[in-house]
Amino acid sequence: MGASAPTITPALLAEHKLTSDEYERILAALGREPNLVELGIFSALWSEHCSYKSSKVFLRDLPTKGPRVVQGPGENAGAVDIGDGLAVVFKMESHNHPSFIEPYQGAATGVGGILRDVFTMGARPIAVLDPLFFGDPSAPRMHGLVDGVVRGVGGYGNCIGIPTVGGSTFFHPSYDGNILVNVMAVGLVRHERIFKAKASGIGNPVLYAGSKTGRDGIHGASMASDVFDDEKAQRRPTVQVGDPFTEKLLLEAVLEVLEGDAVVAIQDMGAAGLTSSSFEMCARGDVGMRLDLDRVPMRESGMTPYELMLSESQERMLLVTKKGREREVIEVFERWGLDVAEIGEVTAEPRMVLLFRGEVAADLPVAPLVDEAPVYRRPWTLAEPLPPLEGAIDLSGAPDETAALLALLASPNLCSKAWIWRQYDRSVRTNTVAGPPGDAAVLRVKGTKKGLALTADVNPRYCFADPMRGAAHAVAEAALNVACTGARPLAITDCLNFGNPERPEIMGQLAAAVKGLSLACRALETPVVSGNVSLYNETDGESILPTPTVGMVGLLEDVARAVPHAFRAEHDVVALLGETRDELGRSEYLATVLGRDEGPCPLLDLLAVRSMVDLLVDLAADGLLSSAHDVSDGGLAVALAEAAMPNSLGADLNVETALLPAIYLFSQSAPRVVVSFPPGRERAVLEAARRHGVPTAFLGRVSRGGLRVAVSGNVVLDVPVSTLTKVSEEAFGKMMEVTE
Amino acid sequence: MSSGARPRVSVVLFPGSNCDHDAVHAVETAIGADARLVWHDGTDLGRPDLVVLPGGFSYGDYLRCGALARFSPVMDSVRDFAASGGPVLGICNGFQVLCEAGLLPGALLANSGQRFLCQDVHVRVETIRTPFTSDLTKGDVLRLPIAHGDGNWRAEEATWDDVVAHDQVVFRYCDAAGERVASANPNGSHDDVAGVCNRARNVVGLMPHPERASEEILGNADGARLFRSFASGLLGRSA
Numbered sequence: 001m002g003a004s005a006p007t008i009t010p011a012l013l014a015e016h017k018l019t020s021d022e023y024e025r026i027l028a029a030l031g032r033e034p035n036l037v038e039l040g041i042f043s044a045l046w047s048e049h050c051s052y053k054s055s056k057v058f059l060r061d062l063p064t065k066g067p068r069v070v071q072g073p074g075e076n077a078g079a080v081d082i083g084d085g086l087a088v089v090f091k092m093e094s095h096n097h098p099s100f101i102e103p104y105q106g107a108a109t110g111v112g113g114i115l116r117d118v119f120t121m122g123a124r125p126i127a128v129l130d131p132l133f134f135g136d137p138s139a140p141r142m143h144g145l146v147d148g149v150v151r152g153v154g155g156y157g158n159c160i161g162i163p164t165v166g167g168s169t170f171f172h173p174s175y176d177g178n179i180l181v182n183v184m185a186v187g188l189v190r191h192e193r194i195f196k197a198k199a200s201g202i203g204n205p206v207l208y209a210g211s212k213t214g215r216d217g218i219h220g221a222s223m224a225s226d227v228f229d230d231e232k233a234q235r236r237p238t239v240q241v242g243d244p245f246t247e248k249l250l251l252e253a254v255l256e257v258l259e260g261d262a263v264v265a266i267q268d269m270g271a272a273g274l275t276s277s278s279f280e281m282c283a284r285g286d287v288g289m290r291l292d293l294d295r296v297p298m299r300e301s302g303m304t305p306y307e308l309m310l311s312e313s314q315e316r317m318l319l320v321t322k323k324g325r326e327r328e329v330i331e332v333f334e335r336w337g338l339d340v341a342e343i344g345e346v347t348a349e350p351r352m353v354l355l356f357r358g359e360v361a362a363d364l365p366v367a368p369l370v371d372e373a374p375v376y377r378r379p380w381t382l383a384e385p386l387p388p389l390e391g392a393i394d395l396s397g398a399p400d401e402t403a404a405l406l407a408l409l410a411s412p413n414l415c416s417k418a419w420i421w422r423q424y425d426r427s428v429r430t431n432t433v434a435g436p437p438g439d440a441a442v443l444r445v446k447g448t449k450k451g452l453a454l455t456a457d458v459n460p461r462y463c464f465a466d467p468m469r470g471a472a473h474a475v476a477e478a479a480l481n482v483a484c485t486g487a488r489p490l491a492i493t494d495c496l497n498f499g500n501p502e503r504p505e506i507m508g509q510l511a512a513a514v515k516g517l518s519l520a521c522r523a524l525e526t527p528v529v530s531g532n533v534s535l536y537n538e539t540d541g542e543s544i545l546p547t548p549t550v551g552m553v554g555l556l557e558d559v560a561r562a563v564p565h566a567f568r569a570e571h572d573v574v575a576l577l578g579e580t581r582d583e584l585g586r587s588e589y590l591a592t593v594l595g596r597d598e599g600p601c602p603l604l605d606l607l608a609v610r611s612m613v614d615l616l617v618d619l620a621a622d623g624l625l626s627s628a629h630d631v632s633d634g635g636l637a638v639a640l641a642e643a644a645m646p647n648s649l650g651a652d653l654n655v656e657t658a659l660l661p662a663i664y665l666f667s668q669s670a671p672r673v674v675v676s677f678p679p680g681r682e683r684a685v686l687e688a689a690r691r692h693g694v695p696t697a698f699l700g701r702v703s704r705g706g707l708r709v710a711v712s713g714n715v716v717l718d719v720p721v722s723t724l725t726k727v728s729e730e731a732f733g734k735m736m737e738v739t740e
Numbered sequence: 001m002s003s004g005a006r007p008r009v010s011v012v013l014f015p016g017s018n019c020d021h022d023a024v025h026a027v028e029t030a031i032g033a034d035a036r037l038v039w040h041d042g043t044d045l046g047r048p049d050l051v052v053l054p055g056g057f058s059y060g061d062y063l064r065c066g067a068l069a070r071f072s073p074v075m076d077s078v079r080d081f082a083a084s085g086g087p088v089l090g091i092c093n094g095f096q097v098l099c100e101a102g103l104l105p106g107a108l109l110a111n112s113g114q115r116f117l118c119q120d121v122h123v124r125v126e127t128i129r130t131p132f133t134s135d136l137t138k139g140d141v142l143r144l145p146i147a148h149g150d151g152n153w154r155a156e157e158a159t160w161d162d163v164v165a166h167d168q169v170v171f172r173y174c175d176a177a178g179e180r181v182a183s184a185n186p187n188g189s190h191d192d193v194a195g196v197c198n199r200a201r202n203v204v205g206l207m208p209h210p211e212r213a214s215e216e217i218l219g220n221a222d223g224a225r226l227f228r229s230f231a232s233g234l235l236g237r238s239a
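Chain order of the listed sequences is C and P. Each step along the first sequence adds one to the number in this note's numbering, with nothing skipped, and position 594 is 594. Each step along the second sequence adds one to the number in this note's numbering, with nothing skipped, and position 125 is 125.
A portion of the hints provided could be inaccurate.
[To be verified] Cross-link-like lysine to aspartate or glutamate pairs, in silico, EDC-like; alpha carbons within 20 angstroms at most:
#1 Lys726/C / Asp120/P
#2 Lys734/C / Asp136/C
#3 Lys449/C / Glu28/P
#4 Lys726/C / Asp175/P
#5 Lys446/C / Glu215/P
#6 Lys65/C / Asp81/C
#7 Lys446/C / Asp34/P
#8 Lys449/C / Glu215/P
#9 Lys450/C / Glu216/P
#10 Lys726/C / Glu737/C
#11 Lys515/C / Glu384/C
#12 Lys449/C / Glu216/P
#13 Lys17/C / Asp540/C
#14 Lys56/C / Glu502/C
#15 Lys138/P / Asp191/P
#16 Lys450/C / Glu215/P
#17 Lys446/C / Glu28/P
#18 Lys450/C / Asp618/C
#19 Lys322/C / Glu342/C
#20 Lys198/C / Glu342/C
#21 Lys417/C / Asp120/P
#22 Lys446/C / Glu216/P
It should be emphasised that the hints constitute simulated quantities derived from the structure, not laboratory data.
Please take these sequences and the hints and turn them into a complete structure.
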């Protein structure tokens with residue numbers, strides 16, 4: 001051991017976010033005091049970000065198995081069979097804290113990190129989706145954050161050449177001091193080429209490949225496990241800097257070496273860099289490693305073992321190759337102009353021995369750091385259920401329905417996000433059949449007839465009102481979005497963004513949300529194959545709304561039958577599938593038009609969602625539909641407007657309802673879907689709907705005129721489609737103009 | 001090329017190219033080409049009928065778009081191939097490389113809006129005297145996607161006079177009806193130029209991506225018309 005080991009003081013422990021109890025555990029595991037390098041390693045691997053110590057007990061409840069699941073949670077990403085010998089590999093992660101400090105680099109490296117998780121599985125990335133959550137858009141600082149994040153996502157994805165095909169953008173003051181940047185990446189791989197991060201083979205060489213290691217991002221994992229205050233917002237050095245050009249070279253080099261059989265295991269150096277990659281690979285294989293840190297390619301001179309182990313420099317990989325085959329792997333990385341070095345070997349005893357300048361810089365058993373990391377059963381409490389709002393809302397002073405619709409279409413949450421997605425390359429790789437603003441993106445799978453439908457969804461207002469039902473709504477909405485295209489939902493990835501888990505009410509939100517995800521995933525048979533937990537999303541005591549983002553992948557057997565979300569032909573019949581109830585609680589109408597963010601979120605019957613999904617898949621497979629669009633935020637009126645705008649087609653509709661017109665038009669009851677189909681197919685659609693027990697109402701016809709809705713013969717909504725489009729398209733740019 | 005044989009297409013792969021596979025896929029599906037990737041540090045183009053410089057971010061576009069790629073060894077071969085009359089198509093970053101290499105006139109600056117833009121545009125065919133427009137009609141309007149941050153084509157006055165005098169503007173941005181209106185120009189390029197050719201007319205560069213619009217399943221096959229023009233011209237020349 002180096003003689004310079006410092007005394008471990010309470011201040012040093014606090015700096016490393018380790019409690020005194022945790023330090024006692026360290027002493028017990030080692031039977032001695034750790035040195036500073038070892039303390040840093042414990043700090044990183046036992047951080048919330050790496051260990052999931054607060055969430056683990058709940059996550060065990062999630063369904064992770066299914067007939068199509070090839071790889072569930074625990075690897076770099078999940079994998080699901082799609083037939084034809086192929087698997088779809090996907091995962092979603094957060095990059096929240098870095099993006100608030102430095103939005104461009106935070107978002108960019110968020111994209112880079114999740115892409116590496118996908119291609120270390122041997123999969124070629126085919127798409128990125130980016131659910132973003134910002135604060136009050138009228139705050140000038142928020143414009144800089146929106147602009148920086150959007151440029152960061154685009155800057156990285158556009159350069160590396162992976163299309164950004166979907167996502168969502170949600171504004172709410174609870175994100176004022178803590179924005180969320182979630183990124184989902186999706187890739188394709190042949191089954192037999194799926195690679196894992198399990199080290200094995202005593203004496204096998206350990207290779208480092210990619211960028212050199214610098215001093216950037218040291219302590220990123222522990223920063224992501226801490227609450228924010230003003231002082232920490234100054235922590236710029238802990239934010240990593242991304243280089244998509246290097247990542248592109250790394251992507252091609254990694255996929256090339258994984259085509260051969262020289263590589264035994266591979267893992268991205270993500271959070272906690274060399275530490276997490278080496279320890280986790282060893283833990284999975286129940287082996288150890290001896291690493292010679294002098295051989296790590298370094299960007300700066302004078303780097304210490306502590307810095308080398310904890311740096312979060314981007315675009316780096318750790319590989320174990322077969323002994324004697326390392327040369328061919330090294331040659332591939334060299335041809336792509338990347339740094340590569342043999343830095344150690346796999347050892348039988350499950351210990352990590354780190355050498356530096358001829359001395360042992362650290363010598364740690366693997367298990368206490370990874371599999372035996374602390375697991376907390378933190379106290380949690382559930383909020384009281386909220387009373388229903390029915391009849392409690394006075395609509396007498398509300399604007400008329402047309403004005404309300406225009407206000408919704410101009411609102412930050414519902415206006416066109418073209419300003420954002422026009423800055424993303426959505427068509428590179430020539431697979432994108434449908435991108436935004438549809439319900440789900442549709443990508444064809446080259447070499448097959450198949451297609452994939454991709455979406456990412458959550459309504460944080462619902463999750464705040466009722467974390468369990470709100471989380472279930474997120475799964476349901478994702479499933480409906482996927483099914484609207486005609487795809488069968490396969491599986492989900494989740495990104496659980498919450499506040500400080502040391503507060504019982506936040507822990508209660510997490511516990512209830514996981515329960516909701518679990519119930520919904522079981523009911524819809526969409527297991528959770530990967531995910532990420534981001535806690536401590538609060539600033540100065542203010543927590544974000546609970547935000548369990550759900551990313552879903554669905555499969556289209558025949559991509560040529562994919563159903564778009566927009567009306568396609570004049571005279572097509574417009575029908576509403578599903579039941580409309582008096583449910584304005586937590587609706588966009590209530591929040592935006594009436595300025596009230598209150599009430600319970602809508603009820604959710606998961607069996608009804610399942611029936612609706614089955615119906616949509618059947619209708620699409622039979623080629624009956626011209627369009628299908630999920631009714632969600634903003635209710636039926638907004639759904640109709642969204643179906644009308646893309647092809648400038650209106651609708652002439654007359655409905656019979658006992659509800660007040662505003663409630664009928666803006667209620668957010670789910671599951672509901674607006675479909676259109678050519679005249680003459682009414683009977684076939686109705687029969688299919690009856691078979692699945694889905695209530696169906698024929699509302700009218702697609703027209704070349706405006707969007708016109710009458711309730712029992714009285715026209716309540718009448719507006720030219722061009723007006724809808726103008727209002728929706730201009731809103732976001734106007735909002736951002738203030739600072740441009 | 002003998003009649004009935006597959007056109008041979010070489011797609012140059014620079015570090016950071018990212019539309020290389022798309023170009024290969026497009027020429028394979030649109031004209032049944034025998035397409036291959038050619039690595040940037042080699043000089044053997046493989047006796048192609050067509051060389052494509054694909055889109056992407058060659059060398060990360062770190063100095064200036066296309067500025068480093070022109071020094072790649074393969075560019076010497078591309079220059080020789082072009083000088084001997086071989087058809088060369090530069091798409092997006094490939095167009096930028098061809099301008100930097102002096103094989104095409106002008107230069108591409110940052111979009112006037114200072115943002116990366118990915119959207120469909122319309123372009124009007126301005127000349128049919130190139131291998132890629134020979135089967136089209138002057139005035140034809142194509143719908144094609146763009147995806148770039150630096151598509152603002154500029155030329156010095158003397159160069160511009162030359163380009164006009166020799167009918168070297170191949171495509172101009174326009175609206176769906178073929179009218180040149182300010183709102184149809186996505187990047188502020190001079191005189192709505194979307195693509196140009198060299199004086200010998202065998203080297204063509206354009207900012208839009210025809211390879212991304214070459215199949216009906218993607219909702220647009222207008223781009224395939226460029227590749228089919230090339231293929232039918234090849235048949236004509238070899239007949």
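Inset, instruction - Give me the numbers of the hints this structure contradicts, sorted from smallest to largest. - result: none
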